[in-house]
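> Chain by chain, the residues run as shown.
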Amino acid sequence: MTKPLLEVRNLVKHFPVRGGGFSVVRQQVKAVDDVSFTLLPGQTLGLVGESGCGKSTLGRALLRLQEPNSGQIFFEGRDILQMNRAELKAQRRDMQIIFQDPFASLSPRRTVAQTVCEPLDVHGIGSPLERRKRVEELIELVGLRAAVLNRYPHEFSGGQRQRIGIARALALNPKLIVADEPVSALDVSVQSQVLNLIKDLQRQLGVSFIFISHDLAVIQHISDVVAVMYLGRIVEQAAVSSLYTSPKHPYTQALLSAVPSPHPASGAKRIILPGDVPSPISPPSGCAFHPRCPAAQAKCQITEPQQTTLHNGGHQRHFACHYPLGD
Amino acid sequence: MLEVRDLAVEFDTEHGRVRAVNNVSFSVNAGEVVGLVGESGCGKTVTGLSLLGLVPSPPGKVVHGEILLDGDDLLKLDEAGMRRIRGSEVSMIFQEPMTALNPVLTVGYQMTEVLRLHKSLSQQQARHAAIDMLGIVGIPAPSKRIDEYPHEMSGGMRQRVMIAMALSCGPKLLIADEPTTALDVTTQAQVLDEIVRLQHQFEMAVILITHDLGVVAQTCQRALVMYCGQLVEAAPINSLFASPLHPYTQGLIGSIPRIREHKIERLPVIEGMVPDIAALPDGCHFADRCNRVQADCHERSPVLTPSADAGAVACWHPLEPQHD
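If you read the protein sequences in the order shown, they are chains G and H.
Residue numbers for the first sequence follow this note's numbering, so the first one is 2 and each next one is one higher.
Residue numbers for the second sequence follow this note's numbering, so the first one is -1 and each next one is one higher.
Calculated directly from the structure, the hints in this document are not laboratory data.
Where a beta carbon is used, it is the ideal one built from N, C-alpha and C, also for glycine.
Be aware that a few hints might be false.
Said to hold, decoys possible - Straight-line alpha carbon distances no greater than 25 angstroms define the calculated DMTMM-like cross-link-like pairs of lysine to aspartate or glutamate that follow: (1) G/Lys134 x G/Asp95; (2) G/Lys200 x H/Asp210; (3) H/Lys170 x H/Glu94; (4) G/Lys200 x H/Glu259; (5) H/Lys261 x G/Asp216; (6) H/Lys261 x G/Asp201; (7) H/Lys261 x G/Glu182; (8) G/Lys200 x G/Asp216; (9) G/Lys200 x H/Glu269; (10) G/Lys134 x G/Asp122; (11) G/Lys176 x H/Glu263; (12) H/Lys142 x G/Asp277; (13) H/Lys261 x G/Asp225; (14) G/Lys200 x H/Glu263; (15) H/Lys170 x H/Glu263.
Stated by the list, open to error - Have a look at the derived ranges for each label pair, beta carbon to beta carbon: (16) G/Leu326 x H/Ala139: 31 to 41 angstroms; (17) H/Tyr147 x G/Gln307: 32 to 42 angstroms; (18) H/Arg258 x G/Phe23: 51 to 61 angstroms; (19) G/Ser71 x H/Arg290: 50 to 60 angstroms; (20) H/Ala306 x G/Ala299: 57 to 67 angstroms; (21) G/Val18 x H/Val301: 58 to 68 angstroms; (22) G/Ser242 x H/Met80: 50 to 60 angstroms; (23) H/Pro54 x G/Tyr153: 27 to 37 angstroms; (24) H/Asp294 x G/Glu77: 52 to 62 angstroms; (25) G/Leu326 x H/Ala276: 50 to 60 angstroms; (26) H/Arg82 x G/Ala299: 48 to 58 angstroms.
What the hints assert, rightly or not - In silico negatives: residues of chain H with every beta carbon more than 10 angstroms from chain G: (27) Lys74; (28) Glu111; (29) His198.
Work the whole structure out from these sequences, hints included.
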């Protein structure tokens, strides 16, 4: 059996909410609450959920861009939460991130060459000539011409900027890239170009992705395994085909049915969930989804559902629901 | 009911004068839901704003055209005349309800203001009408929530408040500019459902401005597709999706990520990118990205020509209509 590239166990990230006299910590926002998953080399894990569900915080916590409160993150068997600064810096060569907003994530004062070269500079890799060669190689890899290297970000469109961000993330040949909503700021016609690029690169370079998005169609296209988050927890996790054809968690089912289909007479009945996502400061008792769940029963208000794991034909699927949907 | 003829809107920018909306003509029938679709910068929002005389001027200016609402040209009205129309005959809701609502005034204050202005109701009457309206758009405990400030509400609630406000004077036409883009999918489903239900209840026409063809497919009866300030295709929803005539529409429909029964390896794409509107190519603006391009496309601009199925297309070499 292949060893996992990344293994996350019981990861927790809470943010304190201060208020009142002396800015006392009054409450905790449970942004990531007891999250566990594994990722195999070369696999893409899609992390999907609505705003505020903790998917971005989870992505950042994995790279220790935000320090988790507790839990373990094993990267190739070593717990990165136990590493000191120097070890972490070395480790980060293998883990990179692509951000959502290609307008905010590139420095306006740096040329494309400087931006893409920065990781190489930081880690002191190669001679200046070698770096220049590597940068040219990278920029062509993401579908831009080497002629653009001396230009500044404002001269590029959103899609091109995102390609520059991807080139920067690839500079150090990472084994894992966390991509946080990399296409949501782009127009549809450009979005599909960037998605195809990410898929090509993944196949070509064998790099693993954690792909964060609110868009279920994008997630389906790009992922091998999907984890659905709700209020800081993973409520369902499965191989992409089984998750989309037979969701086990009622939230997954509702989320899938809410996506407007581009077929006018698709006739599919949308499940309209009542109410809004509750505040992660004081999530509902029992199963956090119970106030909106069409299948909720008395038990759901009291007892928090534990993760159930099913094995079928080498695939595992996990879900946290007392009354999962049938096949 | 609404007829737009040959509308052109220009903006002064640092790159010179730019035409954001170029000779656009369309009509909307009473009680109809029409989608106005396109990618960012295609002129769909400016078209919507110009219907209400809300194009910021300067730098914007309606250069020519007519906007006929029940036969009266809105472009000929003065500011006072336009104010009587806005909010009562024609209303608009915006993408980001937090910036469209005033954060320092309660929801109730903002709602009663509209009613008192247009319907000359007393404070008491207006408050009752506002509470009724909040209830109609599905806000729980409206008599309590009316005294809240916008920041106390969730995104979906705020958008409902915007809708309640827009509908409170019973407009004939609602212009909804990306009303659900800032919302999560489950909330989006709620709000779209609400708009469709209210459209039936109030028998009003809706122009739904959006980049999301999925939203259009689920809510509209007809769609207008814009590209670089021009209308490139207009058609009833079923024929638009089953048999698009303009290569851009076809590309746009093809490239929407959708949930599929079988995963595909590569998404279909439209090559290249939207040209800079300040430096549009001659002839058909889509020619450089088009897979059906021929020599004449670079020379002459296609005009919107009626097609079968009550549609219209602006293309020299449109796709063959498909019949199923």
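> Each hint should be assessed against the structure and marked as holding or not.
Right, here's what the structure says about each hint:
no.: 1; hint: G/Lys134 x G/Asp95; in the structure: 21 angstroms, holds
no.: 2; hint: G/Lys200 x H/Asp210; in the structure: 23 angstroms, holds
no.: 3; hint: H/Lys170 x H/Glu94; in the structure: 23 angstroms, holds
no.: 4; hint: G/Lys200 x H/Glu259; in the structure: 19 angstroms, holds
no.: 5; hint: H/Lys261 x G/Asp216; in the structure: 15 angstroms, holds
no.: 6; hint: H/Lys261 x G/Asp201; in the structure: 15 angstroms, holds
no.: 7; hint: H/Lys261 x G/Glu182; in the structure: 20 angstroms, holds
no.: 8; hint: G/Lys200 x G/Asp216; in the structure: 16 angstroms, holds
no.: 9; hint: G/Lys200 x H/Glu269; in the structure: 17 angstroms, holds
no.: 10; hint: G/Lys134 x G/Asp122; in the structure: 13 angstroms, holds
no.: 11; hint: G/Lys176 x H/Glu263; in the structure: 22 angstroms, holds
no.: 12; hint: H/Lys142 x G/Asp277; in the structure: 18 angstroms, holds
no.: 13; hint: H/Lys261 x G/Asp225; in the structure: 11 angstroms, holds
no.: 14; hint: G/Lys200 x H/Glu263; in the structure: 8 angstroms, holds
no.: 15; hint: H/Lys170 x H/Glu263; in the structure: 46 angstroms, violated
no.: 16; hint: G/Leu326 x H/Ala139: 31 to 41 angstroms; in the structure: 32 angstroms, holds
no.: 17; hint: H/Tyr147 x G/Gln307: 32 to 42 angstroms; in the structure: 40 angstroms, holds
no.: 18; hint: H/Arg258 x G/Phe23: 51 to 61 angstroms; in the structure: 55 angstroms, holds
no.: 19; hint: G/Ser71 x H/Arg290: 50 to 60 angstroms; in the structure: 59 angstroms, holds
no.: 20; hint: H/Ala306 x G/Ala299: 57 to 67 angstroms; in the structure: 58 angstroms, holds
no.: 21; hint: G/Val18 x H/Val301: 58 to 68 angstroms; in the structure: 59 angstroms, holds
no.: 22; hint: G/Ser242 x H/Met80: 50 to 60 angstroms; in the structure: 55 angstroms, holds
no.: 23; hint: H/Pro54 x G/Tyr153: 27 to 37 angstroms; in the structure: 29 angstroms, holds
no.: 24; hint: H/Asp294 x G/Glu77: 52 to 62 angstroms; in the structure: 59 angstroms, holds
no.: 25; hint: G/Leu326 x H/Ala276: 50 to 60 angstroms; in the structure: 53 angstroms, holds
no.: 26; hint: H/Arg82 x G/Ala299: 48 to 58 angstroms; in the structure: 56 angstroms, holds
no.: 27; hint: Lys74; in the structure: 36 angstroms, holds
no.: 28; hint: Glu111; in the structure: 26 angstroms, holds
no.: 29; hint: His198; in the structure: 16 angstroms, holds
Comparing the model with each numbered hint stated earlier shows that hint 15 is the single one that does not hold.
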